[in-house]
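With chain A's structure known, arrange chain B on it following the hints.
Top line first, the protein sequences correspond to chains A and B. The first sequence runs contiguously to residue 425 in this note's numbering. The second sequence runs contiguously to residue 308 in this note's numbering.
For the record, the hints were derived by calculation from the structure and aren't laboratory data. Glycine residues also receive a C-beta, built at the ideal position from the N, C-alpha and C atoms. Where hints are given, some of them may not hold.
[What the hints assert, rightly or not] What follows is a list of derived Cβ distance ranges for each label pair:
id	chain 1	residue 1	chain 2	residue 2	range
1	A	ASP274	B	GLY230	32 to 40 Å
2	A	LYS98	B	ALA99	34 to 42 Å
3	A	ALA161	B	ARG238	30 to 38 Å
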Amino acid sequence: MSLLITGGLLVDPSQGLEASRDLLIEQGKVAALEPAGTIAQDRHRVIDASNLVVTPGLIDMHVHLREPGEEYKETILTGTRAAVAGGFTAVAAMPNTKPVNDNAAVTRFILEAAQAAGLARVYPVGAISMGSLGQTLSEYGDQKEAGAVAFSDDGQPVMNAMLMRRALEYARTFEVPLIAHEEDLALRAAGVMHEGRVSLELGLRGIPAAAEESMIFRDLALLQLTGGRLHIAHVSAFGSVALIRTAKAAGLAVTAETAPHYFSLTDEAVYGYDTLAKVNPPLRSAADVAAIKAGLKDGTLDVIACDHAPHTSLEKDLEFEAAAFGLIGLETSLGLSLKLVHDGVLNLSQLVAKMSPHPARILGVPGGTLAPGSIADVTLIDLNREWTVDVNTFASKSRNCPFHGWTLQGRAVMTIVGGKVVWKE
Amino acid sequence: MEFRRKDLLGIADLVPEEIHHILDTAASLKEISTRPIKKVPTLRGKTVVTVFYEPSTRTRMSFEIAAKRLSADTLNLTVAASSAVKGETLMDTAHNLEAMQPDVLVIRHPASGAPHFLARRLKCGVINAGDGLHEHPTQALLDLLTVQEAKDTLSGLKVAIIGDIAHSRVARSNIHAFSKMGSQVIVAGPATMLPPYLESLGVRVTCSLEEAVAGADVIMMLRLQLERMGQMFLSTLREYSRCFGLSLRHLEMAKPEAIVMHPGPLNRGVEISPEVADSARSVILQQVTNGVAIRMAMLYLLIGGEKA
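The following block holds chain A by itself, in its conformation from the complex:
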């Protein structure tokens, strides 16, 4: 079955392309990419992409699918449904499931469930340490062979600097990147939101930006010592952006991501003790939001990933300090990120780069390009469509989204994985 996508504006930063192109897909691969109107239409199923943007399939390299163990929050099926509805053709699944993905058996289980779902590709992320307990390295070689693409103790920062050093070295052995959740737990203590003016007013214990910044500084120093590759997850603070910028200028092999909520919301979203705005790292000040945008613009922050973290009313409909951290983002990530384009922070190619080729390159996975011969993972985007976020229409099992009721401009209208249309409006 061949598929011809015609008349769209093809935006593929991997080829430096932003032009009108027809895209021909055959046997799950990109067969041809030609100027509009030059491919004969009669032998193919034709998709009219006039007035749409055609990009390499979007990849979210930081999501929590909750399966195995917390299927009441999300499953691999519902999570990948949410992914494709948000325009994502692939996601990287963090290992803090129950049990933790610290061995090849869990990795294989995730891949099999994703295969059965048949929607987005799922790239398992293995745990840095056994059980993410911060004590013993897990089996990177074995898990890589089973399909793990990176290693992270996301949610459980590696507090022991020696373990982090060994993890960087061990990961270098197997040529896999580490993804670091940067947070000093001693400094966070019982903190539940950003430490600032709002936490003072609300009487909520604060998490200072220094809890993130000091750990980033530590891990950059370790990276300098060990070599290897380090990717810094969910950057939220002004000082973190500055540290990463300096490290990159010095030539360190570091990459970094931020999430849409860190450039869309400030700590003021917590007013009223709104647990939907409780997330870790916490929503920070307007100055931090400005620094995140600047970091996206100058390339310090390579990737936008939403840190999709499903929770139900059992975890969220509680007093603020008892509620769980986390919010879901797969179905709002693109719409919120397109605001950066509409507001002139990024151009379209820069945005697509952070949501497709960059995560593909960092994880070493296929995709991120529509060059002929590559896998046919494609997202079709209507840049200007206005729509209202309604959690009741979400494909995700959970509803913990602080953007309910927001009007966004631009969304995915079709998602194609391996040449197959897996979702359309």
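Quick look at chain B alone, frame taken from chain A:
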């Protein structure tokens, strides 16, 4: 004016006119407590439930006495005997209480915002009797009433609040209260107990007790929570009391007629010397008396009168 709120959650939400109205109401209700028969039928047939998730003697008793003097029925839920220990959520507990149709729920809870959480979900009134580190509005109101009685005004005063500002809901409520009424608040304590951004609340901040009390009209000492020892906020109790304990020599730096307040319970010899606590300048027991009047006023304004 008419008081139109369903709940009393914090001083931050109130406008000065509302505060004056509460204080005036309390001043007129105060007389009831001096009668031979200390009871009026105003809230007959109303039910006041107090739910305390933290230990308290005076606040809880104060609410109960206030309710009884207005002839309301009172019911106390103690946490140790409650379903909380069986794992029931705060919301389920509240819904169950509401199903018994109380008119107002008085809640103290260790989580900041817990009363707000309930107020949004319950039809009955909610009074915040202290939430986490956030607010303790009836305490600030009784403090205002006490200062007004002593000074005949609430504006143009210099109010020094000394101690663990970071963990004190009394401090937060009083900062809002005295600032709204036009007085200058200065807070003092070790820097470990002065959270960043305090200035954004409109207060002056110092680490010197002497600087704070110099020329003060009102000196409010906060209780040092002894569990802060060993949490890296302090070195020794001895040093705390030397640097931040109020003694007679400090009173000499304040205005001659300055008053000394304390929300209780006292750590005698820690944040306040026995000589100061028992001196003529201390209004600590007037605060307790006024507490009953303020809580009578709040119950009356929320569930009494014309809205009945």
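Results of checking the hints against the structure:
{"no.": "1", "hint": "A:ASP274 / B:GLY230: 32 to 40 Å", "in the structure": "holds (33 Å)"}
{"no.": "2", "hint": "A:LYS98 / B:ALA99: 34 to 42 Å", "in the structure": "holds (35 Å)"}
{"no.": "3", "hint": "A:ALA161 / B:ARG238: 30 to 38 Å", "in the structure": "holds (36 Å)"}
Checked against the numbered hints above, the structure violates none of them.
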